[in-house]
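Based on the hints, put chain B in the right spot on chain A.
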Amino acid sequence: AQSVSQHNHHVILSEAASLELGCNYSYGGTVNLFWYVQYPGQHLQLLLKYFSGDPLVKGIKGFEAEFIKSKFSFNLRKPSVQWSDTAEYFCAVNVYSSASKIIFGSGTRLSIRP
Amino acid sequence: SQTIHQWPATLVQPVGSPLSLECTVEGTSNPNLYWYRQAAGRGLQLLFYSVGIGQISSEVPQNLSASRPQDRQFILSSKKLLLSDSGFYLCAWSKAVEQFFGPGTRLTVL
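Respectively, the protein sequence lines represent chains A and B.
Quick note on numbering: the first sequence equals residues 1 to 114 in the numbering used here.
Quick note on numbering: the second sequence equals residues 1 to 110 in the numbering used here.
Hints listed in this document are in silico derivations from the structure and should not be mistaken for laboratory results.
Dumping the calculated PhoX-like pairs for lysine-lysine here, alpha-carbon to alpha-carbon at most 25 Å:
#	chain 1	residue 1	chain 2	residue 2
1	A	K101	A	K49
2	B	K95	A	K58
3	A	K101	B	K95
4	B	K95	A	K49
Here are a few chain B residues that sit away from chain A, every Cβ distance over 12 Å (derived from the structure):
#	residue
5	S1
6	P8
7	P14
8	T28
9	G54
10	Q62
11	N63
12	I75
13	S78
14	L82
15	L83
16	D85
17	V109
Since we're looking at a predicted model, the values are computed, not measured.
Yeah, the Cβ is synthetic: ideal placement off N, Cα and C, and Gly gets one too.
With the rest of the complex left out, here is chain A (with noise of 0.2 Å):
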C-alpha cells in the first residue's frame, strides 16, 4: 500500500533559520504531490503542488519543494522561517491508480522562536 513519511515530529527553529522537511512516499508509479499547512485555529490548505514539470515548485509565503523522483521524496523548504509559519505541515501524495484519494504524512509540527 501506498504510504508517506515525514521523517520530523516537531522542530524548533528561530526566525530567519532556514527550514527543510523531509518527505519520502512509497510508490513506484506516477504521483501527484502536495504540502498542505495548518496554521492554529484554521483550517488546512494547500501550501504547494506537484503535477509534473519542473521539479522544483514554488508555493505561497515563499516555499518550495524539490520533487527527487530518484530518492521518491518531496522535500519543503524555506530559506528564512518567520513567527508567522508556526504551524503543522502535511506532504501528500496521490497515486494516478487511485485518482480520488491522497494520502498523507502523519505531519511535522513546525515552532518558530522570535
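This is chain B only, laid out in the frame that chain A set:
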C-alpha cells in the same frame, strides 16, 4: 467561489450515544467528498470517500459509517460511540486531485 461547511464545530457525547456530523459544499456540483480523522502525531486518516450520491467507499473498518443523501451533502454517523472515536474530523471536497478542507469538528467522547 466554493465553500465547505461542517457542523457542529465541537461536540461532547457520552459513550454509547449516536453521532451525526454533517458536511455541505457550496458553489460546485458532483464533487468527490471525503471524511478524515486527524489525531495528534498521526496525521490525517482517510475514513470514507464518495464519488457520487449513494456511493461510499470505506477505507478502514470501524465504528463509523458515512452517507451521501444529496450531491453536496456528506454525513458521518455512528449508532454507538466509543471512547476511541474521539478526535478531530475533517471533511474535504475535490473536483480533480487537489482537495479543499472544511473547518473540522472536534468530537470528545466521555
